[in-house]
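Peer 1: Now for the letters of each chain:
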Amino acid sequence: MMSRLKARVTDPQLLRALIGILVFVSLWYLFTAVLNLPRFKLIPNPIAVLKDWFSFTPASGRSIFTKVYYLDIAYSVGRTLAAFALATILGVSLGLLMGWSRTFYDFTFPIVELLRPMPPLSWIPLAILILPGVEIAVVYVTFIAAFFATVLNTLLGVFSIDKNYFLAARCLGSRPKDVFMNVIVPGSLPFIFTGLQIGMGISWMSLVAGEIIAGKQGLGYAIYEGYFLYQFEHVISYMFTLGILGYISSAAIRAAGRKLMAWEARRRGA
Amino acid sequence: MSNRNGEGVLSKGDFGEVRLEGVTKVYEKADQSQRVLDECTFSVERGKLTVLMGPSGCGKTVLINLVAGYERPTSGRILIDESPVDGPGSDRLVVFQETALFPWMTVYSNVIFGCQVQGVSRGETKERAGHILKKVGLYEFRDKYPSQLSGGMQRRAELARAMINDPKIMILDEPFRGLDAMTRQLMQEFYVGLFEEIGRTNLFVTHEIDEAIFLADRVVILTFQPGKVKAEIEIDLPRPREFHMLASPRFMEIREQVIDLLYEEASKAFAAGSKAAYDLMGAIVARKGACEKCE
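So the sequences go chain by chain: V and Y. The numbering used here puts the first residue of the first sequence at 1, with every later residue one more than the last. The numbering used here puts the first residue of the second sequence at 271, with every later residue one more than the last.
Excised from the complex, chain V in its bound form (with noise of 0.2 Å):
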């Protein structure tokens, strides 16, 4: 136990990321606190931000310690999960069916493209004027983006199933379900994967600036209220605050695709 914790806190990969974070600080900290350079003057050192994120009593009123804390980060989170779980289910199922029917594929690949490169945040004032409440709305926005990287990732994984698989399952006496739940779902499931994360990532940034414009809770609703009140603790604070809850779902992104993908792993050798 003792040498196996000995091994990980000397192991050189973490050596290096500690190291690396370290520099970041420091640079931080030489702008703001030491040379106070122009552009500088109004940014909060990171002590100073780590003091108001830890205090009991905040000067923005927003820490570990309080309750609006754990608010904000619950409405973001629940949104965010809202939005990307609607985008998976519906994102993957239309990608499938693309891949899968080229029919459908015809009728629906030129509106897809259209569509997807619309910036997210142009999305709102029609988002605002049809669906039923600013809340929706913004989960729209935040849906939107990471639903159609999922379905032309899921799209990409399909078309790069080999065709031999195809022959081999239609000769094995496959019906045409038979090939979709054992060729085109596990087949694509890698790209799918890489569909997610990068789903992923879009919601967050999507969600903070559907929330900014058009929120009235969450962790994006808070920082631009922190840029407005003066509180640049707390809009860092934040701005890490999303940091760690961006790296969190994509490990368990990354988490959930290894384990539906053994063989991707092995294949890898890892």
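It is worth saying that the hints were derived from the structure and are not from the lab. Among the hints, a few may not be true.
[Stated by the list, open to error] Restricting the straight-line Cα-Cα distance to at most 30 Å, the calculated cross-link-like pairs of lysine-lysine (DSSO-like) are: (1) V:K163 - Y:K299; (2) Y:K498 - V:K163; (3) V:K259 - Y:K396; (4) V:K177 - Y:K396.
[Unchecked claim] The calculated label-pair distances, taken between Cβ atoms and stated as ranges, are: (5) Y:E410 - V:R175: 44 to 54 Å; (6) Y:G389 - V:P119: 46 to 56 Å; (7) V:D162 - Y:G389: 22 to 32 Å; (8) Y:G448 - V:S93: 32 to 42 Å.
[To be verified] One side of the interface only, derived from the structure: several residues of chain V facing chain Y at Cβ under 8 Å: (9) F31; (10) A33; (11) N164; (12) L167; (13) W263.
Glycine included, C-beta positions come from ideal geometry on N, C-alpha and C.
Given the coordinates of chain V, work out where chain Y should sit on it, guided by the hints.
Peer 2: Okay, now just chain Y, sitting in the frame of chain V:
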């Protein structure tokens, strides 16, 4: 020949016979038509192993696709036990050049795939799979993924997956291509033993002259563009076969005959600039040289 019928898992004697009658395949590509197969007529006899040979571009793979039912002939007929081929069917099984094992399934799941999609009962599936996996020597490896197996093991897993459906006809399109020389030789020996044990009508495509003669009851040689039947050679080497036969005088004799027939077609292909034909030529020339030296 040993006549064990594999404890009832693999049928004995209910094999199919394939008959090609004037099979022609023409591909129309933008005002240009290419005649790939021209009036091919031959039989793949019941319970025999027929090897199809010919230079690259003679339409071997097209012919296989026609027999498998993936494509239809432009004219002529393909009959299996007197009834015409109408699409793919589980009476015929194709083993492909590149391994087509599903990488996302374990060896076991791959092998039972045919049973599963055809709704064979659980108990029977398990029994058949166990028997066949033992036969190909992969029982211990049944929970591995294909990527964890060597090339030779992958080919054996693929044979197992094909055999579990108890097909009347096995179609193999250069199944040992890409294996290293040693593994290839071992696979040939393994396959000839398997064939001699379980029988089955086999249509086997290969480039390798020694492989063809070692395995075959009959070798059918196709001409280069368009593919026509150039010659059919009965291989009268006794069974069971083992590797020492490669040095027997009869084997050498047959090989000379096959090489001469192939040489003409390969040089036509060579003149047409086919890269694969160039390789085949190289191999033939090397063999001829080696033979003259050893005589």
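Peer 1: Compare the structure with each hint and give your call.
Peer 2: Status of each hint after checking the structure:
Our distance criterion of 30 Å between C-alpha atoms is met by V:K163 and Y:K299, whose separation comes to about 21 Å. Between the alpha carbons of Y:K498 and V:K163 the distance comes to roughly 28 Å, so the proposed pair stays at or under 30 Å and holds. With a C-alpha separation of about 26 Å, the suggested pair V:K259 and Y:K396 falls inside the 30 Å cut-off, and the hint holds. Taken as a hint, the V:K177 and Y:K396 pair is honoured in the structure, with Cα atoms around 23 Å apart against an allowance of 30 Å.
A hinted range of 44 to 54 Å is violated for the C-beta pair Y:E410 and V:R175, which are about 33 Å apart. Between Y:G389 and V:P119 the beta carbons are some 50 Å apart, a value that agrees with the proposed interval 46 to 56 Å. Checked against the hint of 22 to 32 Å, the C-beta distance between V:D162 and Y:G389 comes to roughly 26 Å, which is consistent with it. Remark: the range hint 32 to 42 Å for Y:G448 to V:S93 is upheld by a beta-carbon distance near 37 Å.
With a least beta-carbon distance of about 49 Å to chain Y, the hint placing V:F31 at the interface is violated under the 8 Å criterion. Taken as an interface hint, V:A33 does not check out: its beta carbon lies about 53 Å from the nearest beta carbon of chain Y, beyond 8 Å. Hint status for V:N164 relative to chain Y: holds, with the closest Cβ pair at about 4 Å, below 8 Å. The criterion of a C-beta within 8 Å of any C-beta in chain Y is met by V:L167, whose closest approach is roughly 7 Å, and the hint holds.
Given the 8 Å rule on beta carbons, the hint for V:W263 holds: about 5 Å separates it from the nearest Cβ of chain Y.
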